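Residue numbers (the working numbering), protein chains in the order written: chain E, 16 to 233; chain H, 4 to 194.
Accuracy of the hints is not assured; some may be wrong.
With a cut-off of at most 30 Å between alpha-carbon atoms, the simulated DSS-like pairs for lysine-lysine come out as follows [to be verified]: (1) H:K169 - E:K215; (2) E:K78 - E:K139; (3) H:K169 - E:K220.
Quick caveat, the hints were computed from the structure, so don't treat them as lab data.
All figures in this text were calculated on a predicted structure; none of them were measured in a lab.
Here are the chains, one letter per residue:
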Amino acid sequence: MPKQTTPSQDLTRGIWRENPVLIQMLGLCPALAVTNTVVNSLAMGLATFFVLFCSSLLVAAFKKVIPHEVRITTYILIIATFVTIADMLLEAIVPEVHKALGAFIALIVVNCMILGRQEAFSSKNTVPRALLDATGTGIGFIIALFLMGGVREVLGYGSFLGFPILGANYEPWIVFILPPGGFLTIGFILLALNWWERRKAERSKSDVPGAVAVERAA
Amino acid sequence: MGNVAWIFISAMVVNNFTLAYFLGLCPFMGVSGRVDTALKMGAANIFVLTVASVCAWFLNTFILPYAPFLRLISFIVVIASTVQITEMAIKKLSPALFRALGIYLPLITTNCAILFMAISQTNRGYNFVEGLFFAFGAGAGLTLALVLMASIREDLVFAKVPAIAKGNAIVFIIAGILSLAFMGFAGLLSA
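Let the hints inform the model, and build the full structure from the sequences given.
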């Protein structure tokens, strides 16, 4: 973890450059398991965001009170409490989505991304900065899930958010809404990201060194 | 006994925890580099799953009927303690293995497979013996997936992988193909 970061870095870091799912490979289990439609992905993303935000708030607020030896257990208990709340909220507001997500809502407790942020950031920083970090990481998680859900729903059902967009003649690739589709989708998304990174690196290499320096300074 | 055998086979191959439910992906990606480490990680998982299954059954039968809202919290505490005990035992019995598993050993706590097993055991209303076979089958399935992946990755070192697919991308694509292969077992259950 970098020693000194500005508040805006706290916020933006998790969104893309250190995206929890696509770069750090955390929280993969929900990112693959419930992303067969866009609606499910968004519900899971928002529920996780809620849990992460509230847990970061509590952990940062009580960091002086929590004994170092039992900190992990304490974090897990805080997270489990908010997951129980999120579970009840989802059941009351959107019962169908709650049914579709099933046991995976309870599994937010063991999302390593949430525990990771508490241990790496919230327990060492002030409340506002912990909240900024939680917001950034949470948005990054939602973006990754949205990306997965979008690709899988469009290819697997030929629709987006339930609206058919690929026409009646499109033969859905059922495999993308089944488990193998999850692995393949994230595999190909990572492939595309790697290609993008390499292209960027090669371009900056082929440029005149001075031009790059000017560009960075500007 | 037929029922118990089906629970075992179903948890192990048909609904393989890793390849059909995406559970335990962290160790699946992290310690699947070598076959012997993968085997030991699988064994540690089987142990924790079995103990957690017994504890979950105990909690469900004697305590949770009086306080259903505590289910998630009590399960996670039990799992965390079980992992802690396993960790201490391995550290004492085999320091080399302890080092090989590294951070992934305490992370069994946040391995979704364990919690998922405890919750679905409850939801499906398994009795004590059924729960044990379910946990054992789930652990065997995790180990199978880990070992298969590790064997492939050991050979992958010698394969020519395109530069952009190096690292996690190729591992996920291989996992997708493995998962596709495991879907072939789906026909077993309806038979």
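Results for each hint:
| no. | hint | verdict |
| --- | --- | --- |
| 1 | H:K169 - E:K215 | 17 Å, holds |
| 2 | E:K78 - E:K139 | 7 Å, holds |
| 3 | H:K169 - E:K220 | 21 Å, holds |
Checked against the numbered hints above, the structure breaks none of them.
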